Amino acid sequence: MEYDAEKREIKLDKELNNLDTFVIEFCSLLKDYVIVSGYVSILLGRSRATEDVDLLVPEMTKEAFEIFWKKAFDSGFECVNVLDSEEAFEMLQEHAIRFCKEGVAVPNMEFKMIKNDLDIYSFDNKIKVQLNGDSLFISPLEMQIAFKLFLAADGNEEEINSDKDIEDARHLYKLFLDKINKGELLKMLEKLNINERLKWL
Amino acid sequence: MKVEEIKINLEELKEFKRKNAEERLKFIDFWANFVKTHPDKVWSKQQNVVINSQIRK
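If you're matching them up, the sequences are chains D and Z in order. Counting from 1, one number per residue, gives the positions in the first sequence under the numbering used here. Counting from 1001, one number per residue, gives the positions in the second sequence under the numbering used here.
Worth flagging that the hints you see were computed from the coordinates, not collected in a lab. These numbers come from a predicted model, not from an experiment. There may be inaccurate statements among the hints.
[What the hints assert, rightly or not] No farther apart than 27 angstroms at their CA atoms in a straight line, the calculated lysine-lysine pairs in the BS3-like style are these:
| # | chain 1 | residue 1 | chain 2 | residue 2 |
| --- | --- | --- | --- | --- |
| 1 | Z | 1014 | D | 11 |
| 2 | Z | 1045 | D | 174 |
| 3 | Z | 1026 | Z | 1007 |
| 4 | D | 31 | D | 182 |
| 5 | Z | 1007 | D | 164 |
| 6 | D | 31 | Z | 1007 |
| 7 | Z | 1036 | D | 164 |
| 8 | D | 174 | Z | 1007 |
| 9 | D | 199 | Z | 1026 |
| 10 | D | 71 | Z | 1057 |
| 11 | Z | 1007 | Z | 1019 |
| 12 | Z | 1057 | D | 128 |
| 13 | D | 101 | Z | 1057 |
| 14 | D | 7 | Z | 1036 |
| 15 | D | 164 | Z | 1014 |
| 16 | Z | 1026 | D | 174 |
| 17 | D | 182 | Z | 1057 |
| 18 | D | 115 | D | 182 |
| 19 | Z | 1045 | D | 128 |
| 20 | D | 164 | Z | 1019 |
| 21 | Z | 1002 | D | 11 |
| 22 | D | 174 | Z | 1057 |
| 23 | Z | 1014 | D | 199 |
| 24 | Z | 1007 | D | 182 |
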């Protein structure tokens, strides 16, 4: 695995698994997106699976969404929430909608529109992961680590200790220790008000 | 044995929980180092046993 922090590119020469092929197939339907949350760690080697993959897309017009909807259905995907594109588009303004392969609920893509500055930052600074002729766009590692630490359950030390989100963050941090922008990471921890969680890395 | 007969040492269990969490984090470090120091094809083959057993095609 090679990470060029300046070019914002990771080159992966891995054996693809069923989750990877599902994600690649879905993301090939989109021009602009960024993958966030658990799958980022998994794509980069974390030894666990996930039921869903979180995806952020820029705001879409109804027409653009209808075009995407048709492409998704023609490619064998379906929306878990509703079967009507108009209803789905309205839902999308409020919360995520999920897409899966027809008749197979797991895994599924949690499809959300970019809403806040954290989302915008992730999208603007996304990293291109090149794998075996395909490519995927993931959130910047520093943001991913910080946000995973944020997601870890509030609680006392022993409760946080074995949290899946802490483990995801730690995996990325240890893997890219030499390449991570530690200044950026610290700034994000401060913004999220979780400086004390740095010790879990 | 019945449920009512079970004797629980909560301090002992808390210690087990702490040690378990510690051991999990040690494995995270071990595995991250393995991914870092081995070719992608090698670690991903092992990772895929976990993922493909849960996510079927």
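- prompt: Which of the listed hints are broken here?
  reply: 1, 3, 4, 5, 6, 8, 17, 21, 22, 24
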